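Chain residues, written in single-letter form:
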Amino acid sequence: MSEKKTAVYVCRGCGIGNRLDTDQLAKIAESEGKCSLVRQHDFLCNADGVSTIRNDIDGEGVTHVVIAACSRRAKTDAFGFDDVALGRANLREGIIWVRPDTEEARETTQEMADDFLRMACAEIQYIKQPDTNQNAGTNKNILVVGGGVSGMTAAIEASKAGYGILLVEKTGQLGGWAAKLHKRVPDREPFADPVDAGVSDLVKSVEYEKNINVFLNSSITRTSGAPGQFSVDISAESGETVTENVGSIIQASGFSGYDANQLPELGYGKSPDVIDQAELEQLAIQAADGPIKRPSDGKEVESVVFVQCAGQRSDEPGHLPYCSGHCCNTSIKQAMYFKDANPNVDTVVIFDDLRTPGNGEDFYRSAQRKGVIFTKGKPQQVSPVDGQLEVKFHDMILNDEAAATADLVVLATGQIPNSGVDIEPAAMQEVEDGGGESAAQAETETREVQIPVESILNLTYRQGVDLPHLRHGFSDSHFICFPYETQRSGIYTCGPVRRPMDIAQTMEDATGAALKSIQAVENAVLGRAAHPRSGDLSFPSFRREGCTQCKRCTVECPFGAIDEDEQRYPLFNESRCRRCGTCMGACPVRVISFDNYSVDTVGQQIKSVNMPDEFDEKPRILILACENDAYPALDMAAQQGLEYSAFVRIVPVRCLGSVNTIWVTDALNSGYDGVMLMGCKKGDDYQCHFVKGSELAHYRMSKIDDTLQQLQLEPERVEIYEVEITDIQRVPALINEYAAKIDEIGMNPFKGF
Amino acid sequence: MTDMVATNETILVVGGGISGLTAALEAAECGKNVVLVEKNPSVGGRVAQLYKYFPKLCRPSCGQEINLRRLKANKRIRLLTMAEVRNVSGTAGDYDVSITIRPRYVNDNCTACGACAQAVTTEIDDPFNYNMKKIKAAYLPYNMAYPQRYVIDPSIVGSEEASKAKAACAYDAIDLEMQEQTIAIKAGAVIWATGWRPYDAAKIQPYGYDRYPNVITSVEFERMMDPFGPTGGKILRPFDGNEAKNIAFIQCAGSRDRNHLTHCSRICCMASLKQSTYIGEQYSGDADARATIYYIDIRAIDRFEDFYRKVQADEKVHFIKSKVANITENRESGDVVLHGVDTEGYHRYDNTHDLCVLAIGMEPSVRADQIAANVSADVSGFMQMDAANGAIYGAGCATNALDVNRAVQSATAAALRAIQVVNRVSSAEA
Amino acid sequence: MAKKEYSFYPGCSSERKASASNYMVSVEAMCEKLDIKLNEIPDWNCCGASIGYAEGGELPRHVMNARNIALSEQNNPGQDIVATCAACWLGAKETADRLDACEQLLADTKEVLQQAGLDIHLKNETPIRHMVEVLIEDIGYEGIKEPMVKPLEGIKFAGYVGCQTNRPFGVDGESFENPMYLDKMVETVGGEAITNYEKKVTCCGGALAFSEPEKSQKQIKEIIEAAYDQGADMIVTPCPVCQMNVEVYQDQINKHYGTKFHIPVTYYSQLLTVAYGGSAKEAGLNGNIIRAKRLEDIAAK
Amino acid sequence: MSDVNTAMVQKYRNDFLKEVEENVEEGHWVKMCMQCGVCSGSCPFGPHWDHPPQEIFMMIRAGKRDEVLTTESMWMCTSCYNCIVRCPRELPITHIMHGLANYAHRLGIAPKMNPTRRFAGIFWNNIAKTGRVNELALSLKLYFMDGFMSGIKKGLAMMSVGIGMIKTKRLNPFALISHKGVKNPKELHVLLKKAREIEDRRKGIAS
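Protein chains in written order, with the working numbering: chain B, 1444 to 2196; chain A, 30 to 459; chain W, 15 to 315; chain E, 969 to 1175.
Only chain B is shown next, with the shape it has when bound in the complex (with noise of 0.2 Å):
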């Protein structure tokens, strides 16, 4: 890149030029910014003021561009300039939207609007377009682990796009749980049949594109790398072991079964005629169509009853707190096998609430009418009496205690996911203990009270083995707008392994998985980042010889992107980092920056305020706000008029979870008065998108109590706040509140120092 030439350009637009000296904010850009070129303009939004910069750039060579105007988060598309380095100080929504247009506000505003500007341009003289990453993979293959429906869909619909498929099965043959059905709930008019589970169409495409390529009897047995550059070992039974390079992989691995043995109250095991769901299709297969015959002796089958929720919803030990989605219609579906094959069988569904969504209700209404008789019941016992099965319940309807004998008694079991090994215990412990040494001790201590799992990928991660599991171990997304979310960058899950589901719903979830695997190995062959921060091109750098290796960014890295190398020095993998600046934030050495973002970017902003000593009576206060939500929610605020103080210095950063302690600290010796931090939600509906932002932020920042001890300075002078994007009037009220609290502690003494 050329060298460095950084315009400023103010505008006189909407309002700031009458409730602001612009004149004066130019001189500060030219003075104490250090500003070569320096512009006003009455409207800099319109088409003149933006050909206006872009002749700057292109003909006077300007590479960092400051735009003092509106908030960063409007007027995108006028001031898009991408092929430079871009800051812009808010003077609209961030000062003159919240400040009364009064004489006596008059001064404050300005000084406001002063500092604004100095911290813009500071700012951007310590930021660098980002160089593209050289470490970026090339490889856009797709792994993908597991051969059921869930696998193979996302096999074909990757196929179909145009990428090679590495599709890996443990088992011989492909199919998974549905090769072993007999029919499928129908997902289509009439809702009213079961219908050919499609499988073996599946399989058949999968041997029809070419761009697929089957291991089967096989297994993932190591799996590193990043995003463009996986590289894993695939291990078949036979002992070999290939390794093979992949872009990006999913992980179809299904469910398993719920043991039926844990429900002996249900008479399972006391009698070959009570049977879970997945026994009654091979029954059923066997039957072809044609009477289903009971397994104790083989008689034909004259009354079924279904149990629903059968050790699910359930609270008791050893039973599933869930439900399982699919098991109403899985029943009704079996039931009609039955009615299909002898309209004379007796088939009697007892359920608690009866869960058919959408399209279901016909399928129910469908079953119904083929005389499946439903009955709203909580089941109580199950037990063998003379050659028949009694059902003992309370009929919730009729309310009083009633029995059904069957020849046969089907239990809907749960689906449990395989998602490998939880390694989460390890990993809340290792944050708890801040990282260090503990890190791998407390780790393998979590690893002995597990029960042993089988791990599904092998990652070689310094987080673990598999990916994190979200609830009740299915590896699912938080994000209820982002159901693709995944912390282990590259690597998505798709089908039961995420959350309960029924074919259909798996297909359509195995598709939209191929789709984010494809667009991880899109972005990572360009060096872009994933979602959140999608299309950034910075990452993560550090300077190795300040390291002290004390591995807090490798234990904190939401996204587990940070390994350690050999002499444990943290091992950055760019492809994998979302940019969240996590590990900037736990660096006690501040040795990780990023291009466009880093310790100085944010600590030159806060140093450039213009700091009046103690006796002005004006204190100064920094806000670090979390750019996805409380920083929208102040320019929301301002769009709505409300006002706040003139004292507060706001700086966006990308979350709670970057800020390094030192920018606070900095910030009280240079004489702040106060800082107040503005994150997202934490706990167990965390709403921070990089995870455990805000919840490092509020762990750090009780930290720092000790420093300001030592300093001498009330606690209340650092405040933490959780913030939503909503609190649009209640930021503001916050800041003000704040205003007055420091009023009364009175002003920081450090002033002048």
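Honestly, the hints are just simulated from the structure, not real lab data. Careful: at least some of the hints might be erroneous.
In silico DSS-like pairs for lysine-lysine, Cα to Cα no more than 27 Å straight-line [said to hold, decoys possible]:
#, chain 1, residue 1, chain 2, residue 2
1, E, K1080, W, K229
2, E, K1154, B, K1813
3, B, K2124, A, K85
4, W, K31, E, K1154
5, W, K295, E, K1137
6, W, K232, E, K1080
7, E, K1137, W, K307
8, A, K104, B, K1603
Ranges of calculated distance between the beta carbons of each label pair, as one might list FRET restraints [to be verified]:
#, chain 1, residue 1, chain 2, residue 2, range
9, A, R287, W, Q244, 40 to 46 Å
10, A, N116, W, N138, 35 to 41 Å
11, B, N2179, W, E236, 57 to 63 Å
12, A, N116, B, E1650, 36 to 42 Å
13, A, D125, B, E1650, 35 to 41 Å
14, B, D1464, A, G187, 39 to 45 Å
Quick caveat, the model's predicted, so the values are computed rather than measured. A virtual CB, placed ideally from N, CA and C, is assigned to each residue, including glycine.
The hints should help you fit chains A, W and E onto chain B, whose structure is shown.
Just chains A, W and E, lined up with the frame of chain B:
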């Protein structure tokens, strides 16, 4: 956001709700060119009108902010607002699409400074708030509206008011001469994401939505919770503006019913469970505040069950297994009286409530058998996958009654199906 | 307006000296003014009424109605069957629907009718309609207004539609819970309608008036109470069963509940007849046990 | 009659639902109930039912034959059709109730003294006799169904009503002699007899 030219390798996405937005972004972030068509003045769709999401009770605008940032940053997406697809003709990989664009009367000079709104006095119904509120006839549809650009309502164009607005604009952003225009574009594949609409509650006559002010729909209740909504974030009874504390929720309002929608709308159970927590949120510690949920089956499938159990544990929330027979009104107090039988033991009830919220059913906002292209529809009017659809793929609630999470999955899947087609086109042309 | 002709099924209660004879009188006068010609189905029989099920069962009940339909098809071919009594209309329409829906039932019915040398075609060859449908759909509100010479000014009517005129068939485009046509009719002829009359479609318990009097009279009490509460001068209804029940038991209800009910219960046809300038006698007002004084006054003007 | 009942018990053993589907008017709809309870909540006489319609459907499914056929509940139906128009599954509930009542009556196990059952009988015979209702005969018959004295009592109680009707020419005091029905009642009797035969044959009720 650009004005790139559409070709056979372009993907057309119809609908700028969360499904369409997702489909467009996911495809564009795979390097595909996308034209995104939205009939309203801004993107966001129904989720933008929600207060919280179940089961996390997080804020829809939080995810929207991220999607908007992705949209603003992406040069491969061309967004057309106030635009509707009139016709789609052709075959997979080669579609001709005609799109009409209604005049916004505001060009992209607009800085969203709001001067026009201050100048105008005429007020119109606010569709964003289901017409429970009035807004100026020069307006920004909502706080996070994108494009962040005002709209002049056609009703004032040609009037004194319009010229007042024009005069107030310092940036020559108001163009009252704008006309409706029809444009023709090419597309290789189409993603149909026109979403859902609430079933017409007035048709559910026994519940008297058209007769009793204190019978409202779940979508209207959602708007009440917004601090910038029609009631300033309070739960107020339309009858007298008093706070409603004893609130009834009626499930399957229009769903699972041969007189209305035969399908189950899937989301309504979770929506009411979610909304029952609003009551705790507004009246925490208030013994009089209670929610009563009248249901047939609570359909909180998979991990949603966790949320159901959480709500069941809340002593403010009561469940009655009953389809309410009918509602009457106390003329003096405006209270609504729900009549029916608790089917668990057959106890008759005539329960008085401050407010009744109908968990209203979901129907496709455009029936697939009525869209401007030839696609297969199921009996409820949702688009169903079919070879005959060519490269027109449904996404989100245009294909089924879905919650947000499933809608986004569906949209992501649709994006890949579209990509498969345009990739075939490009490899053929390469 | 060209003369409209219909095949008319009057029903038992409308016979001379039967409980709804005055209804019949007013219907005749009304049709006269509206230029409607009613051709009575020769030798029609009772519809069996809803209560008929208990002893009559399914097929015999349908046969009763099928016979009427057959007679109409035979003697008044091509004419819609029109009934003035809710029960008659419902019974006939129900039979037509069921026989059209169920081949077995149709075959059996045909077999039975043969005994009387009758046959039945159905398939909606002769639609079975209520007189109010004829007024609303064939004449239209405009047409209803046309002959009006004496608007029923100042009289407040509680329009009591009742059950069977309203359910399960009802009138096209009207709601089961809140039908508006009766109110519209009242307003059309200048009366004041209590459009949100609470008990509009509440059952009067007519079917059980004899067997479970105290239960049905409780229903009636509420119906009348609501009418008073909402300031009605009189009740108007399209149904002879409703009319009779709501009118004739008021004394007994007063005795039982200590109320002072004395509210006239009229037929829409009486309203129209009076509005059209008909005399009290033509309007059958002399047939009301509780005299509709204010209507009579207008008629006398 | 009750031997017909035992015959039915024999025939259907414990499958009461099947019996209802085959022998009761619209009985095949019973299985379609989705247990929402809207019918029960909609019935104007609901409070007087021992078992509201939905419960009856559930009892049928649960095989509670005697409870269902001997209950007075169905006899409370006023044929107001509220249940039918509100039922989300379009069950013809009114007709099913009628059918059940009729079936119980035909089997001879319906509650003997239920007034509606008795009135219904009187009413049907009244219309079947001449083809049209004879309102006077009907009311008199009704009052005297419990014997002469109580008849006089009820008659007196209803006197005012009767007088009012006569005064307004809405009740014919001489109808006992002067009432006319259809031209050829005999023919009608033939039809009804034939209809009854066929129905009994279909339902396997020998009479």
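Hints versus structure:
1. Between the alpha carbons of E/K1080 and W/K229 the distance comes to roughly 20 Å, so the proposed pair stays at or under 27 Å and holds.
2. The straight-line distance between the Cα atoms of E/K1154 and B/K1813 is roughly 45 Å, outside the 27 Å bound, and the hint therefore fails.
3. Between B/K2124 and A/K85 the CA atoms are separated by roughly 11 Å; this keeps the pair inside 27 Å, and the hint holds.
4. Restraint check: the Cα-Cα separation between W/K31 and E/K1154 comes to about 25 Å, which is no more than 27 Å; the hinted pair holds.
5. Distance restraint check for W/K295 and E/K1137: the Cα-Cα separation of roughly 12 Å lies within the 27 Å cut-off, and the hinted pair is therefore satisfied.
6. The hinted pair formed by W/K232 and E/K1080 meets the criterion: a straight-line CA distance of about 25 Å does not exceed 27 Å.
7. Annotation: proposed proximity of E/K1137 to W/K307 holds, straight-line Cα distance about 18 Å (limit 27 Å).
8. A C-alpha spacing of about 26 Å is found between A/K104 and B/K1603, which places the hinted pair at or below 27 Å, so the restraint holds.
9. Remark: the range hint 40 to 46 Å for A/R287 to W/Q244 is contradicted by a beta-carbon distance near 34 Å.
10. At roughly 39 Å, the beta-carbon separation of A/N116 and W/N138 lies within the given 35 to 41 Å, and the hint holds.
11. Evaluation of the 57 to 63 Å hint for B/N2179 and W/E236 yields a pass: the beta carbon distance comes to about 59 Å.
12. A beta carbon spacing of about 40 Å between A/N116 and B/E1650 agrees with the range 36 to 42 Å that was offered as a hint.
13. About 37 Å separates the C-beta atoms of A/D125 and B/E1650, a value consistent with the hinted range of 35 to 41 Å.
14. For the pair B/D1464 and A/G187, the beta carbons lie near 42 Å from each other, so the given range of 39 to 45 Å is met.
In terms of the numbered hints stated before, the structure departs from hints 2 and 9, listed from lowest to highest.
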